[in-house]
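Chemist: Chains as they are written, first to last, in our numbering: chain A, 1 to 304; chain B, 1 to 472.
Keep in mind that the hints are not guaranteed to be accurate.
[To be verified] Taking lysine-lysine and the DSBU-like style, the derived pairs with C-alpha atoms no more than 30 angstroms apart in a straight line are: (1) B:Lys338 with A:Lys57; (2) B:Lys138 with B:Lys37; (3) B:Lys142 with B:Lys42; (4) B:Lys322 with A:Lys197; (5) B:Lys155 with A:Lys190; (6) A:Lys62 with B:Lys400; (7) B:Lys42 with A:Lys197; (8) B:Lys141 with A:Lys190; (9) A:Lys197 with A:Lys149; (10) A:Lys57 with B:Lys332; (11) B:Lys142 with A:Lys197; (12) B:Lys322 with B:Lys338.
Don't read these hints as lab results, they were simulated from the structure. Note that the coordinates shown come from a computational prediction; the quantities given were computed from them, not determined experimentally.
Here are the chains, one letter per residue:
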Amino acid sequence: MSFVEYSDCIKDGDVAIIHLGHESTMPVKVQQGAQTQTRYGVIRHSSDLIGQRYGSKVTCSKGGWVHVLHPTPELWTVSLPHRTQILYTTDISTITMMLELKPGSVVCESGTGSGSLSHAILRTIAPTGHLHTVEFHQQRAEKVAEEFKEHRVDHLVTVRNQDVCKDGFGVTGVADAVFLDIPSPWEAVKHAKAAMKRHGGRACSFSPCIEQVQRTCEALADQGFQEISTLEVLLRVHDVRTVSLPLPDFGTDPFSPPAEPNSTEKTAPTSAPNPASFTLKTTTPPREIPGHTGYLTFATKPRT
Amino acid sequence: MAENIDDDSDYRIKEGDYVVLKRGDIYKAVQIQPKKKVIFEKQWFFLDKAVGHLYRTTFEIASGALQPQKSKESEGSTDAKEVGTDNRNIVDDGKSQKLTRDDIEALKEQGLKGQEIIQQLIENSSTFGDKTKYAQDKYIKKKKKKYENTVTILKPSCRILAMMYHGREPGKICHLRYDTLGQMLTLGNIHAGSKVLVFETCAGLVLGAVMERMGGYGSVIQMYPGGEPVRAGVESFGFPTHFHDTLHDFPICRVNALLAGTLDTSAKDPRAAGDLKPPVIAAEKEKSQPEVEQQSNPEEQSMETNSATDGVRDQETEEREKRREARAQEKKVKLEEKRKKLAAAAALLEDKNADGLVIASRFHPCPVLMGLLRFLAPSRPFVVYSQYKEPLIECFTKLKEQGGAVDIRLTDTWVRHYQVLPNRTHPLLLMSGGGGYLLSGTTVAVDRSKPAGSRRAEEPAPKRQKLTDSEG
Numbered sequence: 001m002s003f004v005e006y007s008d009c010i011k012d013g014d015v016a017i018i019h020l021g022h023e024s025t026m027p028v029k030v031q032q033g034a035q036t037q038t039r040y041g042v043i044r045h046s047s048d049l050i051g052q053r054y055g056s057k058v059t060c061s062k063g064g065w066v067h068v069l070h071p072t073p074e075l076w077t078v079s080l081p082h083r084t085q086i087l088y089t090t091d092i093s094t095i096t097m098m099l100e101l102k103p104g105s106v107v108c109e110s111g112t113g114s115g116s117l118s119h120a121i122l123r124t125i126a127p128t129g130h131l132h133t134v135e136f137h138q139q140r141a142e143k144v145a146e147e148f149k150e151h152r153v154d155h156l157v158t159v160r161n162q163d164v165c166k167d168g169f170g171v172t173g174v175a176d177a178v179f180l181d182i183p184s185p186w187e188a189v190k191h192a193k194a195a196m197k198r199h200g201g202r203a204c205s206f207s208p209c210i211e212q213v214q215r216t217c218e219a220l221a222d223q224g225f226q227e228i229s230t231l232e233v234l235l236r237v238h239d240v241r242t243v244s245l246p247l248p249d250f251g252t253d254p255f256s257p258p259a260e261p262n263s264t265e266k267t268a269p270t271s272a273p274n275p276a277s278f279t280l281k282t283t284t285p286p287r288e289i290p291g292h293t294g295y296l297t298f299a300t301k302p303r304t
Numbered sequence: 001m002a003e004n005i006d007d008d009s010d011y012r013i014k015e016g017d018y019v020v021l022k023r024g025d026i027y028k029a030v031q032i033q034p035k036k037k038v039i040f041e042k043q044w045f046f047l048d049k050a051v052g053h054l055y056r057t058t059f060e061i062a063s064g065a066l067q068p069q070k071s072k073e074s075e076g077s078t079d080a081k082e083v084g085t086d087n088r089n090i091v092d093d094g095k096s097q098k099l100t101r102d103d104i105e106a107l108k109e110q111g112l113k114g115q116e117i118i119q120q121l122i123e124n125s126s127t128f129g130d131k132t133k134y135a136q137d138k139y140i141k142k143k144k145k146k147y148e149n150t151v152t153i154l155k156p157s158c159r160i161l162a163m164m165y166h167g168r169e170p171g172k173i174c175h176l177r178y179d180t181l182g183q184m185l186t187l188g189n190i191h192a193g194s195k196v197l198v199f200e201t202c203a204g205l206v207l208g209a210v211m212e213r214m215g216g217y218g219s220v221i222q223m224y225p226g227g228e229p230v231r232a233g234v235e236s237f238g239f240p241t242h243f244h245d246t247l248h249d250f251p252i253c254r255v256n257a258l259l260a261g262t263l264d265t266s267a268k269d270p271r272a273a274g275d276l277k278p279p280v281i282a283a284e285k286e287k288s289q290p291e292v293e294q295q296s297n298p299e300e301q302s303m304e305t306n307s308a309t310d311g312v313r314d315q316e317t318e319e320r321e322k323r324r325e326a327r328a329q330e331k332k333v334k335l336e337e338k339r340k341k342l343a344a345a346a347a348l349l350e351d352k353n354a355d356g357l358v359i360a361s362r363f364h365p366c367p368v369l370m371g372l373l374r375f376l377a378p379s380r381p382f383v384v385y386s387q388y389k390e391p392l393i394e395c396f397t398k399l400k401e402q403g404g405a406v407d408i409r410l411t412d413t414w415v416r417h418y419q420v421l422p423n424r425t426h427p428l429l430l431m432s433g434g435g436g437y438l439l440s441g442t443t444v445a446v447d448r449s450k451p452a453g454s455r456r457a458e459e460p461a462p463k464r465q466k467l468t469d470s471e472g
């Protein structure tokens, strides 16, 4: 297992994602002799996980069962331990595409936060790209570096513990793309420019507030960035369900088609309350959805 | 840092390159060919002079030829001297512009640059000075869009091509919006080194997008309907040739046969046979083709001996025969290649261990998904696009019934663009009505045994513990 390479079977030391159903998941570090408690009972790593195929159903001690999934950045995003607010898959997808990330891309990112986006970037730029990520919070920087190692992607990433607004990304002239998710991105725009390749590249900044966007756009324009474009992407989930709509009973219809006295079809409408209903498969929106995550501002750095 | 040494050659436009022309928000994909006339945004020109220039260069069009734009005319070049505060005195009498349509045409005929025409329009507008600064900016922007004849040449990418197709020919890509395509690539966990199945009728855009994300590592198997796979969109990406070595195709009409064939041979050792077995299977399936070859081989030999014995021969007939022979040979080689390719694709499929499945077509997605899901390994993502929601509801229901998948989600995305300008920030007035729907999920092993295994009895009663105990 690795976050950038599929494998078939679960091995000692892997990180596996336990799928408990109903969009509930938990990550597990697989260790010989270890146990994991779930609401369905205990999972014994040596017998239940190691050597099993990813995707298998595992029966827990209380008779319930779970599925064990191969880790992916998307599953990690929904199960990772939060140390900060994180980016979710909808924004990540847009960022990846609009930054034109692909195998071989060199990317600068700040802040690293909980590493949700970092894992997605690493997956996309492997096996020849590199991620330079900057996190000014020492404990977070250390923790995420540890995770990269556990997830076997540490060869693709350098974590730097410094302030991107003051000290930049620690590299110059190497990046194809830069991503900023910090409170004052406008202060890092010049560092972003410096980190990027001479022939140009793409930049993105994620900000929840429009005032931040304004200042960032201004800074980007001042630094000569082009194609500045701000957008927002929202996910809508459709819950599939069967609904049944009762049909009203209007009672006897005096205006119904020519009531022939000897017609037997229309008799006894009052004999029983008509429970007629119409059933269909449809979708409903969840009661509440995230209505705003952040504005995404993209720009192109021209050749300098 | 070797990267630092700028080798421009990679960034220069070469003859034969696939490029994208850009003007404003309009894109067009073309190939750089000598003396080829291109029509873009009501203007025609030749691309010859773009060769050797760097990508992202903006050119001015002057009577059919491209000239790199010298200095970027600064955005707010007309630092207006007079500015109004409001429009209380601006009356729409249709007479504010002193230049007539004919005058403007004449200016164009004279070969005046866009910038100069705009200047003339401003000077001859009686109300321009009364407009607010914002209204003046807007006026200039609008005129620029109309009269500035520039074009920027870009290197193609998934982002640009997806936006181009969505803007120009949404019907060709089943109205798949660029952000939806972005979701598909992520939800499908498309990355280097995996083995991905793609079924699309989106002109090759989705296939190209998948190939870009794989970077020439791993393999892509295009499952295609009809006679030939459609790949016009793939060409526009201008991938290096080695990318195409990773691309396989397999006709969807052979899927049932393949599945049946695999069932027959599954008794043999599946790994050891790796290279040898698939051609045999393919040969079995295409009985007619190898037969033709076998027949033609001896025939050919006899023909050669014939021509050798006949000492004196009309040269013309000989040459004609040679040509025919060459053509037959060529055809045979092609057939053989096709057979080999099919065999290779079949070999990749029959292990049923693909790492991802991406479907985006005008066909009903349900049978496609159910048919192709069988080629996926467990614990692998799949994603299905449809322009409409209802067929995906059916897919959802069917998957729930059948099992073999978890985390099944039916989603769509909204995308909203913003104008960000000092004191004029707001969402754009127009937004895309819909970018289609996605059904995504992860495969799991289909278990035949009943849940709640016999192991239960052996386990000691577990103590109640918090979920997170074993973590970290």
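Chemist: Could you run down the list of hints and mark each one as holding or not?
Modeler: Okay, the hints, checked on the actual structure:
1. B:Lys338 with A:Lys57: violated (41 angstroms)
2. B:Lys138 with B:Lys37: violated (33 angstroms)
3. B:Lys142 with B:Lys42: holds (17 angstroms)
4. B:Lys322 with A:Lys197: Violated - the C-alpha atoms of Lys197 of chain A and Lys322 of chain B are around 56 angstroms apart, more than 30 angstroms.
5. B:Lys155 with A:Lys190: Holds, because 25 angstroms separates the two Cα atoms, which is no more than 30 angstroms.
6. A:Lys62 with B:Lys400: The given pair, whose Cα atoms are some 24 angstroms apart, holds under the 30 angstroms limit.
7. B:Lys42 with A:Lys197: violated (35 angstroms)
8. B:Lys141 with A:Lys190: Holds, at about 28 angstroms.
9. A:Lys197 with A:Lys149: This hinted pair holds, its Cα atoms lying about 28 angstroms apart.
10. A:Lys57 with B:Lys332: violated (50 angstroms)
11. B:Lys142 with A:Lys197: violated (34 angstroms)
12. B:Lys322 with B:Lys338: holds (24 angstroms)
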